[in-house]
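A.B. asks: Each chain is listed here by its residues.
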Amino acid sequence: MLTANRILTSVESCLLAAFCIFVTPVAARVACASEPVSCPAIDDKEFDRFFSDELWPKVGRAECVKCHKLAGDAEDTRFLLKDLSRLTKKERPAALRANQDAFVRMAHQQYEGLSLLLVKASGGKDHGGQEVLKPGTARYQILQNFVRRSSDPNSPAGAASVSAVDPESLFEGIAMLEDHRVLRRATLSLAGRLPTKEELESLAERPSIQVTKVGVPNIASAASKRIAFVGILDKMLCEEAFYKRLREGFNDIFLTVGVDGNPDQTVLSYEHFDKTRGWYQKYDLSHIADEKERREAGYKLAREYRAALLGEPMRLVEHIVRNDRPFTEIVTANYIMVTPYTARGYGCFDELKERFKNTDDAFEYIPVRLKALQGRRESENQDSRTGFYPHAGLLSTFQYLSRYPTTETNRNRLRARMYYEHFLGVDVLELAARVSDAAAVTAKFENPTMQASECVVCHKTLDPVAGLFRNFWRFDRNSALYGKREEGWFTDMFDTGFEGTALPQSDQWRALQWLGEQTAADPRFARTMVGHAYYLLTGRRPLLPPQSLDDPFYDARSQAYHAQQHEIDAIVTSFAAAKFNFKIAIKDWVLSDYYRADGLTKPVDSPERMAALDDIGIVRLLSPEQLERKVTAIFGRPSGRLQGQTTMLYGGIDSKEVTERAVDPSGAMGAIQRTLANDVACRNVALDFSRKKTERILFPDIEPDAVPGESAATDQKIRAAIIHLHQHVLGRVDDEASIEVMRTFDLFAGVIADAHKSGRFEETEKWSCRQGLEKPVPDPQYTVRAWRAVLTYLLRQHEFLYE
Amino acid sequence: MRRDFLKRCAVAGLGLTVPHKTLSATDEKLELPPYEGPYYLVFNASGGWDTTCLMDPKGTGRINRLYTKDQILTHGIHRFAPTAQHKEKGLSNEDFYNEFGNEMLVLNGLDYSVNNHSPCSRYMATGKLDSLAYPTFAALVAACQGASCPLSFLTFGNYSATGNLVAKARVPYLSSLKRIANSDSIEGNSKSPYHDDFALDRIEQALQQQQKDRAAQTRLPRRRHAENMLYSAQLNSKALRRVTPHIPKQIPKARLAQQAEIALASFKAGVCVSANLSIGQFDSHANNDADQMRLIPEFLEGIAYALHRAEELQIRNKVVVIVQSEMGRTPDYNKGNGKDHWSIGSIVFLGAGIEGNRVIGETNEQQFALPLDPKTLKTVDDNGIRVRPEHIHQALRQFAGIADHAYSQQFPLGVKKSERLTNLWENPANNPE
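Residue numbers (our numbering), protein chains in the order written: chain S, 1 to 803; chain L, 1 to 433.
What the hints contain is simulated information worked out from the structure, not anything from laboratory work. These figures come from a predicted structure and were not determined experimentally. Just to be clear, a hint being listed does not mean it is correct.
Dumping the calculated PhoX-like pairs for lysine-lysine here, alpha-carbon to alpha-carbon at most 25 angstroms [stated by the list, open to error]: (1) Lys191/L with Lys178/L; (2) Lys69/L with Lys335/L; (3) Lys191/L with Lys757/S; (4) Lys191/L with Lys134/S; (5) Lys757/S with Lys244/S; (6) Lys90/S with Lys484/S; (7) Lys249/L with Lys335/L; (8) Lys444/S with Lys212/L; (9) Lys378/L with Lys766/S; (10) Lys757/S with Lys775/S; (11) Lys282/S with Lys292/S; (12) Lys134/S with Lys318/L; (13) Lys89/S with Lys125/S; (14) Lys225/S with Lys235/S; (15) Lys375/L with Lys602/S; (16) Lys602/S with Lys656/S; (17) Lys484/S with Lys89/S; (18) Lys766/S with Lys693/S; (19) Lys692/S with Lys717/S; (20) Lys375/L with Lys335/L; (21) Lys249/L with Lys766/S; (22) Lys378/L with Lys318/L; (23) Lys128/L with Lys484/S; (24) Lys197/S with Lys275/S; (25) Lys82/S with Lys125/S; (26) Lys656/S with Lys693/S; (27) Lys656/S with Lys212/L; (28) Lys197/S with Lys757/S; (29) Lys417/L with Lys134/S; (30) Lys692/S with Lys766/S.
Computed Cβ-Cβ distance ranges for the label pairs, DEER-style [what the hints assert, rightly or not]: (31) Gly188/L with Glu351/S: 52 to 62 angstroms; (32) Pro603/S with Gly188/L: 41 to 51 angstroms; (33) Glu657/S with Pro412/L: 45 to 55 angstroms; (34) Gln547/S with Gly401/L: 24 to 34 angstroms; (35) Lys178/L with Arg295/S: 40 to 50 angstroms; (36) Gly188/L with Asp360/S: 35 to 45 angstroms; (37) Asp197/L with Val733/S: 29 to 39 angstroms; (38) Ala223/S with Asp197/L: 52 to 62 angstroms.
Built from N, CA and C at the ideal position, the CB exists for glycine as well.
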C-alpha cells in the first residue's frame, strides 16, 4: 500500500558531504612525531590577524573543522579544533587562539620535507578526508602562506593577502530613514496598522537624529529618542495584530499548518485517539431546526476544529512571546496549547472545561500538559515516569512530527535534519560536496553511513539526533505517530545522543525533552532565533559566509557577512541577558541600522562597495497577507482581492508544496497589482468624498469641485491634497515643489484636461465605483475620476507594494 | 579576466539588477512583442525515478523483478523496459517509444555525485552542486532570452532558483490565467475598463517617467533591483491578455496535463520562455515496482499530452523538451520491496534542434556509470569523463545559444573545454557539413 510518507524529501541512506582533514596517528617518518609538539610562541599581531581573517574563515572554518572537532569524524586525531559556532561571543577569542596554536603545531610537523599540514590537506599521508585542497588553488595558497609565516612571521603575506575590509564601516555613506518612517514601517509590518497621531507626536517632540553607528551627533538626544521609540515598540508588541504576524512569520519557517490530510486523523492518531478524535461527528446540533443550517453548522464545527488543531504549534510560539517566557520553551515547554475543540479531540475536555472562558470558542488556547498516551493495545502505551506526555515544545507536538514524517528507510533523519535547520540554523544538506563515485562508495561498504568517510561526516552528527525521535516510529496513515520499533532502535546507526553526548539510559522515555534541554543550552540556538527574528522582519535569512575564493567580490561579501554577524552577536547578547525574551530580538533588529538603511548619501561607483551593500535595505515585496493588512490599515477595509487562488498567484505559500514566498514580482503578480490598484481606487475615492469631511481618510481638505488651473489658491489646495495622499498611502513626506508632487499634479490635471478635450463624458463616476456611497458624489468636472487615476498611480508604486 | 568582466558587469548593474528592456514613450502604447521561441519544457520526475524501468533496462532479478533480460524491447537504437503489461493507467513505454523514439536523445550513466534529494535537485536543475545562488537552466534561459515576458519562467514545483535574474511565475490553475488576463477591466471584462483610455495612458506615462527619474538617482542595489522588477512586471503584464484565446475550454484532469496547458498557452501567446513541470512521489522506498509503474506511465502520458497540444497550437517545432529526475534508484531492492537512492541516472531530450534516435553513455550490469569520451560520445575503459550535471548544463547553454551571455558568465560551470560534450545535439556522421 502506498503511504504519504514516501513523498517526503528526505535525508536517505547516505549523506555525501564535505571531506575533511583526517589526521591519523603520526607515523615514524614524521619528524618530531614521537615527542609532544609544543606550540611555538609567535607573538605577532599581523600573523594573528592573518589567521583570524584569512586562514580561519577561508580554510579552517570552511573545511577542517567539519571533521576535526569533538564528535566530528576526526575527533580521535591530534589535530582537534574548536567549533566557534558552538561557542558564545565571549568564548570565541580564546578558542580561536587555541585553533591557531593547533594549526601552528601541525604546520611545524614535517613529512618527507614538507609541512604535514600541507601534505594532509592535499590528500597525502593517508588523510582520512582525502584531498581537501588542490595544490595551486587559492585556499591551498593561503595554507602555504600560513605554513611559511608560522616559521617566519616576517615573511610577506603573499598573493592571498589579508582582507582589508572592515565590517564596522559597512554603513558609512548609507542614508537612514527618519524616525517617523521607521515607525510606519514597523507598525505596518508588526501590527498591521499606521502609526497613531500620539506615537508620531511623541517622536516629533524630540529632535530628529540618525541612530547610526557612524557619527551620532547628539548622544543625549539619541538616547531620548531611543527610549521613546522603545516605549512605542513595547506597546506595539503587545497588540493582537503582532501575535497574528508572529504566528504567520513562524509558520513560514516551521510550516506546521502544512500537515497532510485531515488533521483530526493525521495529527490525532487512530491508535491513541480513536474514541475522541471524531467528537464533532456526534456533536449535538439538534437545537438547529433547519436541516441545511444544521449541516452547515456541522461543517463549520469540523472546519474550525481542524484549523484549531493545525494552529496549536504556532499558538505555543505566541503563548511564549505574549507572556514574556524564555523563548527556549519552543524546545522545552512541558505543555502544548489546546482549545475547547482540540481538547475534545485529545479526550481531556471534561478535565479542562472550567479553565476555558468560552467552551464554544474553537480558538481559545490554553496551556495543557497531556497525560501519557494510552494505546488501543497495551504495547502502544507510552512510557512515562511521570504519567504525563514528555512534551518538548514544538519538537514533540504531533503537528511537527506529522509535518516531517519518517519512513522505514529514512529512520527519522528528515526530522533530525529539520531539527538542525529550525533550531540550530544548520542546513546539513546545504553544500554537500561531490564524491568521485558516490555509487561505488555506496556499493563498497556494507554500511556506508558508518564506514565511508564521505558519509560519516554528516551522519555522525545527524543520526544520533534521529535516534532521539526513536519513540515516534510509526508511519502508516491512520496508525500512529508514537510507537517503538519492535526490534529495538537500529544498531547500524551512530549511537543516539547529541553532538558527542550520549542519551542517558534513564532519559530514553523523554528523549526529545533531553534534546530540548541540550538545544536550549547550545549557543547556536540563540543565534538561530535571532536569525528567525531577522527573517520575520525582512523575509530573508541571515547571510551565509561567502564560499568561493574565486568570487571577485569575496572580500566585499565577507565584509557584509561579518558586519551582519557582528550585529547578530550584539542582539544575541541582549536576547540572552533578557532571559531569551523574543521581543528583545525583534526590538533590537528594528532599532538597528539594518532596519533603517534606506539609500546612499552619495553615488557609489565601486563594484566592490555595491556588492558589499547588496543585501542592505529591507526592500521586501509584501506578501498577499501583508498587502491586504496594509490596504486595511490605509483604507479602513480590506480589498478582498488577495484571497483564495489569488494568494498563491501573488507569491503566497500553501505550507505544503509551495513553501517559499515570491521575492520578485512576475508578470502575473504585476497584473494582480494593477487589478488591486484599480479596484481599491475605484472603491475608495468616491466613497471618501461622500463622507463628512471630518471622517474622510483620503481627502479631508479638498472637494471634487477643485479644478486645477482655476486659481493659484486652488492649485495649492490640490498640491496639499496630493501631499496628504503621498504621506497617507506611501508614507512619503514630500515638499510642495518636489518632483513627485509635481508629477502627481500633472497626472491629475492632465487627466481632467484630456477628459474635457474628449468633449463628452458622463457626469458621474462609473457604476462600479459609486457603490456604497454615503451620499451621491457627482463628477461634472471629471475630478473624482482624476483623483481615482491618481490613487491608482500611487497604489502601483514601490513604496506601497514593498516594505 | 573573468573577475574583471564580472566587476564591469556589476558596475553596469548586471547581476545586481536585471536590465530590462525599457520601452520608450512611443513604445508605451504598443504591447510587448511576443517571444517566438524556442520554448523550453523541463519535465521533472520528482523524488527519483527508476531508470531501469524506462530507458536503461537491465532485466536481471536483482535489479528488475518485472521483466527479464530477454523481454527488453527496442525501438531503433533505443532499448527500454516493457511496461504495457504492468501499468494500470497512463502511457506505456512501448507506446511512448513508438511515437517519440525517433526524436529522443537519451543519455544514460549520468552521475549525480550525491544521493540526497535536496542537493541532487539543486545540482540537476542548475549544474552546480556547491552553490545555492545558481539559477536553474529554465530560469537562466528565460532571463537571457525573454526576461521581459510577463511569465518568462513558469514553475510548478521542483528546485526553481532564479539567481535573481528573472522573476519566477507560479500560475497554479488554468482559471488563474483568465483572472489576470484583463487586469485593467472590472471583473476581467474587457468591455468594462476601470479607466478611460486617456486616463490609463496618463497613469502609465507618469509611472514610466518616475521609473526613468529614479533610475538616474543613487539607489541601494536591492532597491534598484526591486524597482526595475516591479516596473517591468506591471508594464509587461499587459501582454497577458494574449493568453486567453489559447486557454482550452475543457480543463484536463491529469496534473501534468494541467501544467502543460498553462505553459503552452503562455508559449503560444509569446509571454513565456520556459516552464518547469513536475510531478512527485517517485521516491519509492517501499514497493518500488508498484510505484514506478503507476508514476512512469502518468509521467509519459503528461509529456505526450504536452507534445500533442503543442502540435495543435502549431508550436511543436519550437518546443524543446528536457525530461529528468534528481536521482536514480538502487540496483537492489530493500526489505520493503522498495529501492533507495542511487547517484546514477539518465536524462532525455527531444524537440527542436535535437537529433533523435540516439543513446549516449551507458551503465554496466551493476548499474554503475561507464566513462565517456566527450569527443566521440562513446563509452571508454579509461581516460573518459564521468558525465555530471555541469556537463549537461554546459551543453544546454551551448544549445540554447546563451553560453556566452553575461548571465551565464556570471554563473560559470567550470567545465574544461576538453570535457565539453561535443556533438551532443546532433550526430556529425549524419550531418557531414
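A.B. asks: Indicate, hint by hint, whether the structure satisfies it.
C.D. replies: Now the hints, each set against the structure:
At most 25 angstroms may separate the alpha-carbon atoms for a hinted pair to count; Lys191/L and Lys178/L meet this at roughly 15 angstroms. Taking the CA atoms of Lys69/L and Lys335/L, the gap is near 23 angstroms; set against the 25 angstroms cutoff, the hint holds. Between Lys191/L and Lys757/S, the direct Cα distance comes to roughly 23 angstroms. Compliance with the 25 angstroms bound is thereby established for this hinted pair. Between Lys191/L and Lys134/S the alpha-carbon distance is near 67 angstroms, which puts this suggested pair outside the 25 angstroms criterion.
With a C-alpha separation of about 50 angstroms, the suggested pairing of Lys757/S with Lys244/S is violated against the 25 angstroms cut-off. Of the pairs offered as hints, the one joining Lys90/S and Lys484/S is violated, with about 42 angstroms between alpha carbons and a cut-off of 25 angstroms exceeded. As the CA atoms of Lys249/L and Lys335/L are separated by approximately 47 angstroms, the hinted pair breaks the 25 angstroms bound. Our distance criterion of 25 angstroms between C-alpha atoms is broken by Lys444/S and Lys212/L, whose separation comes to about 62 angstroms.
With a CA separation close to 71 angstroms, the supplied pair Lys378/L and Lys766/S exceeds the 25 angstroms bound. Proposed proximity of Lys757/S and Lys775/S is contradicted: the alpha carbons are some 29 angstroms apart, above 25 angstroms. This hinted pair checks out: Lys282/S and Lys292/S have alpha carbons roughly 17 angstroms apart, not beyond 25 angstroms. A threshold of 25 angstroms between alpha carbons decides the hint, and for Lys134/S with Lys318/L the separation of about 44 angstroms lies outside it, so the pair is violated.
A hinted pair counts as satisfied when its Cα atoms are at most 25 angstroms apart, and Lys89/S with Lys125/S does not qualify at roughly 36 angstroms. With a C-alpha separation of about 16 angstroms, the suggested pairing of Lys225/S with Lys235/S holds against the 25 angstroms cut-off. Our distance criterion of 25 angstroms between C-alpha atoms is broken by Lys375/L and Lys602/S, whose separation comes to about 53 angstroms. In summary, the hint linking Lys602/S to Lys656/S is not supported, as the alpha carbons are separated by about 45 angstroms, beyond the 25 angstroms threshold.
The straight-line distance between the Cα atoms of Lys484/S and Lys89/S is roughly 40 angstroms, outside the 25 angstroms bound, and the hint therefore fails. Of the supplied pair hints, the one linking Lys766/S and Lys693/S holds, its CA atoms being roughly 22 angstroms apart against a limit of 25 angstroms. Among the hinted pairs, Lys692/S with Lys717/S is consistent with the structure: their alpha-carbon atoms are about 18 angstroms apart, no more than 25 angstroms. As the CA atoms of Lys375/L and Lys335/L are separated by approximately 42 angstroms, the hinted pair breaks the 25 angstroms bound.
Simply put, Lys249/L and Lys766/S have alpha-carbon atoms about 32 angstroms apart, too far for the 25 angstroms limit, and the pair is violated. About 29 angstroms separates the Cα atoms of Lys378/L and Lys318/L, which puts this hinted pair outside 25 angstroms; it is violated. Straight-line distance between C-alpha atoms of Lys128/L and Lys484/S comes to about 40 angstroms, which puts the hinted pair past the 25 angstroms bound. With a CA separation close to 55 angstroms, the supplied pair Lys197/S and Lys275/S exceeds the 25 angstroms bound.
Distance check on the hinted pair: Lys82/S and Lys125/S sit about 23 angstroms apart at the alpha-carbon level, within 25 angstroms; holds. With a C-alpha separation of about 48 angstroms, the suggested pair Lys656/S and Lys693/S falls outside the 25 angstroms cut-off, and the hint is violated. Our distance criterion of 25 angstroms between C-alpha atoms is broken by Lys656/S and Lys212/L, whose separation comes to about 40 angstroms. Distance check on the hinted pair: Lys197/S and Lys757/S sit about 42 angstroms apart at the alpha-carbon level, beyond 25 angstroms; violated.
Between the alpha carbons of Lys417/L and Lys134/S the distance comes to roughly 20 angstroms, so the proposed pair stays at or under 25 angstroms and holds. Under the criterion of a C-alpha separation no larger than 25 angstroms, the hint pairing Lys692/S with Lys766/S is consistent with the structure, at around 21 angstroms. Hint check: Gly188/L to Glu351/S, Cβ distance near 54 angstroms, so the stated range 52 to 62 angstroms holds. Roughly 44 angstroms separates the CB atoms of Pro603/S and Gly188/L, a value that falls within the hinted 41 to 51 angstroms.
At about 32 angstroms, the beta-carbon gap between Glu657/S and Pro412/L misses the expected band of 45 to 55 angstroms. At roughly 29 angstroms, the beta carbons of Gln547/S and Gly401/L sit within the given window of 24 to 34 angstroms. At roughly 32 angstroms, the beta carbons of Lys178/L and Arg295/S sit outside the given window of 40 to 50 angstroms. Restraint check, Gly188/L to Asp360/S: a C-beta distance of roughly 40 angstroms satisfies the suggested window 35 to 45 angstroms.
Range check, Asp197/L to Val733/S: about 33 angstroms between beta-carbon atoms, so the 29 to 39 angstroms window is met. Look at Ala223/S against Asp197/L: about 56 angstroms separates their beta carbons, and that is inside 52 to 62 angstroms.
Checked against the numbered hints above, the structure violates hints 4, 5, 6, 7, 8, 9, 10, 12, 13, 15, 16, 17, 20, 21, 22, 23, 24, 26, 27, 28, 33 and 35; every other hint is satisfied.
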